[in-house]
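Colleague: Keeping the supplied structure of chain F fixed, place chains Y, G and U upon it in accordance with the hints.
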Amino acid sequence: MPEPVDQPAVEVRDLTRAFGVRKALDGVSFSVPEGAFLSVFGPNGAGKTTLLKVLTTLVAPSSGSARVCGLDVVEGAVELRSRIGLISHNPLLYPDLTAEENLLFFAEMYGVERPEERVRELLEAVELDHRRLDTTRTFSRGMLQRLSIARALLHRPDVLFLDEPYSGLDPHAMDILDSLVASIRQHHTFVMVSHDLEKGLELCTHALILAQGRVVLFEKREDIDERAFRATYRSVVGMGVS
Amino acid sequence: MGSLSWRQFKAILRKDIVMELRTREMLTSMGLYAILTMVVYQIALVEAGEGLDVRLVMPGLIWVAFIFMSMLGLNRSFVHEKDQGCLDALLLAPIDRPVIFLAKFAGNLLFLLVVEALTLPVFAFLFLQGRAGFGGPLWMVALVLVGASIGISGIGTLLATISVNTTGKDIMLAVLFVPLQYPLLRAAVGATFAAVIGGPDATASFWNWMGWIAGFDIIMVLAAFGLYEFVIEA
Amino acid sequence: MKRGYLAEVMLVLGAVLTTAAFLMTFFWAPPSVYPDGRVDFAQKIFYFHVPVAEASFLVFFFTAFYGVRFLMTKRKEFDVKARIATEVTLFFVLLTMATGILWTRVEWNVWWQWEPRLTTYFIMTLLVIGYFVLRNSVEDEERRATYAAAFGILAFIDAPISFFITRVVQSTHPVVFKSGGLEPPMLVTFIVGQIGMLMLGYAFYQLRLKEEELKERLEALKIGLGG
Amino acid sequence: MQDIYSQVIPQAPYVIWAYALIWVSLLGFVAMVFARLRRLDKQMQVLEEALKRREQQA
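Protein chains in written order, with this note's numbering: chain F, 1 to 242; chain Y, 1 to 234; chain G, 1 to 227; chain U, 1 to 58.
These aren't lab readings, by the way, just hints derived from the structure by calculation.
All C-beta atoms, glycine included, are put in the ideal place defined by N, C-alpha and C.
Please note that a few of the clues may not be correct.
[To be verified] Heads up, simulated EDC-like pairs for lysine to aspartate or glutamate below, C-alpha to C-alpha not over 20 angstroms straight-line:
#1 53(F) with 229(Y)
#2 76(G) with 233(Y)
#3 169(Y) with 140(G)
#4 53(F) with 233(Y)
#5 169(Y) with 141(G)
#6 23(F) with 219(G)
#7 74(G) with 115(G)
#8 53(F) with 140(G)
#9 52(U) with 115(G)
#10 23(F) with 142(G)
[Claimed, not checked] Derived coverage of chain G by chain Y (criterion: at least 3 residues anywhere in the stretch with Cβ under 8 angstroms from a Cβ of chain Y; other residues may be distant):
#11 131-139
#12 142-153
[Stated by the list, open to error] Over 10 angstroms on every C-beta distance to chain G, these chain F residues come out as not near it, computed from the model:
#13 20
#14 34
#15 69
#16 112
#17 114
#18 115
#19 164
#20 178
#21 214
#22 224
Isolated chain F (complex conformation) (with noise of 0.2 angstroms):
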């Protein structure tokens, strides 16, 4: 793992997300060194996904700060999406499209130079190139997440973002996307948000949850000590449910 450098690659201040008198995210403050692996934990309705959506662009702070790679996700908005990939549950593919077909799709949408060499390059790294030609409607769920993270890494983006990403996957899929995810550690910085507790704090260097909208915990995993972190996550838990 390389040594976190000093410019955090994820920083948010204070950041407020409302509509109305309801805040999905109510001053959240935390940041990330480059290279690290963040975990955000926290039930339904924590304001996991409107900080992912927030961190991607795709929804603006009400008020407060984030920046991603040095990038204000507002200000910076179209630049830092060059530079941010994202894996979901969903796999984000066209079903009708071949597997060479979508990643050339994507590749085009980021403006990626050679886009066939990279997208074979891809296809091999992933080991579906002997399917590039079948539409991935016909693709087992394990083969569309490999895709997935194929379509993600197409832009060599500094940072992924990762949603849910076990969900639904097999046990052969998961260890698969693990090794994945390990090759790839190396150069890039991760956020993911996950419900898996045992899986996230395998990958992390650090940790967050959410409740509410609110930091409820925010650590580094050397200072995580488990039996406390899973008390207070077990807690918030339950004020979601209520």
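Modeller: Just chains Y, G and U, lined up with the frame of chain F:
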């Protein structure tokens, strides 16, 4: 438009065409719908018999078929963007939102024109044989088709983006689309009528209606263009 | 709350003026006569029908206006304002339709005719109804507000186009201010009714706004008390 | 006079209907809004009392 925007525009349009050629979802459903409408028209007109001058009602009937047919296609054109969350992937890319509008607009316009061009001769074949033919030249009809289809696709692209995120999306598009398109439809029927009747008076009336169509197209496509960014990011 | 106070003053003033217009209509304004000299009693509907119709257009403008403000700022208050303006529009539109239909029945001997003015007003009614159908079928609050704003703006642009396009065809709907056609007492009665109706429109809008603001405050309190 | 009545009377019901409709609708609207406002005020009181109780407890 920068060179990246142009690449993105071409890629989206090409993707829509490739997908359509592969699945033929829109073209077959729209074409079939138009043919079925003609069967229903035959029933509707059956009691009127030979005494009816079909030229008087045909312009209206054509546009009834086309407006409902276009809604079918518009609805489909966003379903596959929504299906696997591809729209989010599109929005995550460094793409100017208006490029998405222009590309989807161009695709919808293209498919609509193709189906119109295919079904109009069938319509004429079924209803106009042995009758007095067109009074005006054929290019007049073509001009109305293109003019009105621009407005239909422009507003339609915006409204389909909205309706795909609503419950009961099919009926929602109709509820929003038909009243908004009233001025365009009225002018399209007027212009088609003038083209079918022919004669010097009709030519003046044709250009008058075409002026309305052009004005509506400009205003509404610009409005849809301007509003699109807000709608697609919502 | 200064604004709430103003709403109630406007409500009372509007009620007084519309009542005055009502009395003037039947006791002061001279009866309108047909060209053949018969009395046109149904013309009395005009003194309410037109003010309500004019008010509906004016309020509809605010749907689009606050729609634009909302899209610029994304603040919920503008969505609430746009929605309330559309509500008041719908209310006035339905009243215009109802009184218009009664008048049509007397003067044209049919309840409805596809006449340009009626057709286009019918289209506007559908647009206003469509606005609410749209709102009801979007789950997410902010998305709902954005869609409604976009549609409200489009509808407001569309309404005048609908209006003018039918003018290409001859209309039988009376045009009131064509050639100074109103005698002074008729004009004064009409103006009093019109001002009264606009005040009522303003008061309705403010009252509904007050209600929504109260709801919002309640919501905030509930959240503060823990959901 | 007879003549005028014979012209007015057939038209009168429509005019009366039109006016009645407007008056009833306007009144109905105002009454509804005020009723709802009163209900909201009541709710507000409930919440404020709850708030006060909590503050005393705290």
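Colleague: Next step is simple, just say for each hint if it's right about the structure.
Modeller: Going down the list of hints, with the structure as the test:
no., hint, result
1, 53(F) with 229(Y), "holds, 17 angstroms"
2, 76(G) with 233(Y), "holds, 17 angstroms"
3, 169(Y) with 140(G), "holds, 15 angstroms"
4, 53(F) with 233(Y), "holds, 11 angstroms"
5, 169(Y) with 141(G), "holds, 17 angstroms"
6, 23(F) with 219(G), "holds, 12 angstroms"
7, 74(G) with 115(G), "violated, 40 angstroms"
8, 53(F) with 140(G), "holds, 15 angstroms"
9, 52(U) with 115(G), "violated, 62 angstroms"
10, 23(F) with 142(G), "holds, 12 angstroms"
11, 131-139, "holds (count 5)"
12, 142-153, "holds (count 8)"
13, 20, "violated, 4 angstroms"
14, 34, "holds, 32 angstroms"
15, 69, "holds, 25 angstroms"
16, 112, "holds, 31 angstroms"
17, 114, "holds, 39 angstroms"
18, 115, "holds, 33 angstroms"
19, 164, "holds, 19 angstroms"
20, 178, "holds, 34 angstroms"
21, 214, "holds, 13 angstroms"
22, 224, "holds, 29 angstroms"
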